[in-house]
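We have chain Y already, so just place chain G on it with the hints.
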Amino acid sequence: QKEVEQNSGPLSVPEGAIASLNCTYSDRGSQSFFWYRQYSGKSPELIMSIYSNGDKEDGRFTAQLNKASQYVSLLIRDSQPSDSATYLCAVNVQGAQKLVFGQGTRLTINP
Amino acid sequence: EPEVTQTPSHQVTQMGQEVILRCVPISNHLYFYWYRQILGQKVEFLVSFYNNEISEKSEIFDDQFSVERPDGSNFTLKIRSTKLEDSAMYFCASSRDRGFGEQYFGPGTRLTVT
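Protein chains in written order, with the working numbering: chain Y, 1 to 111; chain G, 1001 to 1114.
Pulled out of the complex, with its shape left as it was, chain G reads as follows:
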């Protein structure tokens, strides 16, 4: 069964450093998302992406964040200058259908900022 994959599974970085989190969505899906979950808290939406454009973003997704689909399979989230409060699990998701369709989540990247 097709699944979303993410790399790395765990990333440790120092405050102020740039990180890139990578995702390979399910191959026939057209809509891509990033969510994050701080330990013990809700899953929070960051950004949605379709047709090489951001469809929607949350207030969390400020100028320090960017997304890119550099090729036909990868979808990346870049954090330019990490802060301690960026420490969280970051989940990539993809769906075949617009907005209201089922979203399938990858295994996540645990980002630890020290």
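So here's chain Y without its partners, still in its complex pose:
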């Protein structure tokens, strides 16, 4: 079973701090990795994609990938109350035409 695991939280972070979200995956053949943000009752919104080992930065967001450890993370700098949402890690496994999602981490930013 190809799985994606996330800590379901809730993760509580003070406003202005760094939020760190983690994800592990089981299939070593996974090729691409995505972070989606999902507000309650809404659809997943793509915020980051990462395909190779290392860091990728986009504004306040940094995605980190370590294929050897089968680990992907998302850092949110200068956290804002509007960042409060569930963050979904999604993985595309090799040869598959689909994304496999983790259960999501609920993040709360406290003013």
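No lab work stands behind these hints, which were simulated from the structure alone. Everything numeric in this text was worked out from a predicted model, so none of it was measured. Wrong hints could be hidden among the right ones.
Each pair of labels, with its calculated beta carbon distance range [said to hold, decoys possible]:
hint, chain 1, residue 1, chain 2, residue 2, range
1, G, Gln1014, Y, Gly95, 32 to 42 Å
2, G, Gln1014, Y, Gly29, 23 to 33 Å
3, G, Gln1014, Y, Pro14, 43 to 53 Å
4, Y, Arg77, G, Ser1081, 43 to 53 Å
5, Y, Gly16, G, Gln1064, 32 to 42 Å
6, G, Gln1064, Y, Ser69, 16 to 26 Å
7, G, Glu1059, Y, Tyr51, 39 to 49 Å
Glycine included, every Cβ here is placed at the ideal spot set by N, Cα and C.
Showing chain G alone in chain Y's frame:
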């Protein structure tokens, strides 16, 4: 910015009835997907579609489900005989690139089966 659209936003139906959920993918995207999310659970893959054919489907996507691209813009999911357990949010997604590319999700259709 182009986006995926879905109609209706909410559909209520009785058990055993047929429903059709509609999606308009982003116009230059070639790969289309349906996912569902039961309340409080993970987003689950149902089916992927490319070049008027199903590319991949999950074990959830049984004979009660079908997909179609009836014209150049719409992409539909049909459930022939709905069950109570089909109640969920159904998301359409599209991508420009094969499998490993970024998938953009529509706002979803909330299906309630009574």
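The hints, checked one at a time:
For the hinted restraint 32 to 42 Å between Gln1014/G and Gly95/Y, the CB-CB distance of approximately 40 Å keeps it satisfied. Checked against the given bound of 23 to 33 Å, the beta carbons of Gln1014/G and Gly29/Y, roughly 43 Å apart, lie outside it. Our hint of 43 to 53 Å for Gln1014/G and Pro14/Y holds, since their Cβ atoms are close to 48 Å apart. Arg77/Y and Ser1081/G have their C-beta atoms about 50 Å apart, which keeps the hinted 43 to 53 Å range intact.
Judged by the Cβ atoms, the range 32 to 42 Å given for Gly16/Y and Gln1064/G is violated: they are separated by roughly 50 Å. Against the hinted window of 16 to 26 Å, the Cβ-Cβ separation of Gln1064/G and Ser69/Y comes to about 40 Å, which falls outside the hint. For the pair Glu1059/G and Tyr51/Y, the beta carbons lie near 28 Å from each other, so the given range of 39 to 49 Å is not met.
In this structure, the hints that do not hold are numbers 2, 5, 6 and 7, in rising order.
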